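There are 2 protein chains.
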Amino acid sequence: MKKPQSQGNSAAGRKLADLDAVFSALAHPSRRHILLVLHYRGGSMTAGEIADRFACSWPTTTRHLRSLEAAGLVRVEKKGRERIYRVDRARLREVVGDWLKPFHDGD
Amino acid sequence: MKKPQSQGNSAAGRKLADLDAVFSALAHPSRRHILLVLHYRGGSMTAGEIADRFACSWPTTTRHLRSLEAAGLVRVEKKGRERIYRVDRARLREVVGDWLKPFHDGD
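Chains A and B are the protein sequences, given in the same order.
Going by numbering that gives the first Met the number 0, the residue at position 69 of the first sequence is 68; the numbering climbs one at a time, nothing skipped.
Going by numbering that gives the first Met the number 0, the residue at position 83 of the second sequence is 82; the numbering climbs one at a time, nothing skipped.
Be aware that a few hints might be false.
Below, a list of computed lysine-lysine pairs in the DSBU-like style, where the Cα atoms sit at most 35 Å apart [claimed, not checked]:
#1 B:K78 with A:K78
#2 B:K77 with B:K14
#3 A:K100 with B:K14
The set of hints was computed from the structure by calculation and includes no laboratory data.
Keep in mind the model is a prediction, meaning the values are calculated, not measured.
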């Protein structure tokens, strides 16, 4: 099945690209888990705190973080030698919430 | 990275399994599209109407429908010789909305 519409530079195309990136990022349980942990830890954690929290290889974690970053769900900031990862709750609510909105009509 | 928790028969395990099935189903743009079309057509369509609406091979469409069915987002009913596909909006709102809820606290 072809994608419903082309994803050009139009506003609609950008919106579809956002939906694709966000829902692809959310498809993996580890990535949903990282977002929740960031949220419950106050919204942000350093790379070191994330590495300590997730008892698995850093390359795997960092791959998930990159996917979340590409979807705009996590933003990275450098502070001296630290990398700080922050969850973008507003974008999460906006992209997922907007897509879900039509389904609030009907049983 | 390992899955955050085992998915046993506990309520928490079932909830995680539901999240996995639903977010995996929503990861493909064609499946999100099918759900929206079902919704805007009043909530249900026959197999024939779906085949007419989506100008692509029926095996591809039916594969997407099976994935949506496995996630509980679409229910199939037989009426005589017809197969009727119905979107389960309540489940969609419940599973996705519940997961999104914590993120409503914070910017």
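So, going through the hints one by one against the coordinates:
A threshold of 35 Å between alpha carbons decides the hint, and for K78 of chain B with K78 of chain A the separation of about 63 Å lies outside it, so the pair is violated. Under the criterion of a C-alpha separation no larger than 35 Å, the hint pairing K77 of chain B with K14 of chain B is consistent with the structure, at around 28 Å. Annotation: proposed proximity of K100 of chain A to K14 of chain B holds, straight-line Cα distance about 22 Å (limit 35 Å).
Of the numbered hints given earlier, the model fails hint 1 alone.
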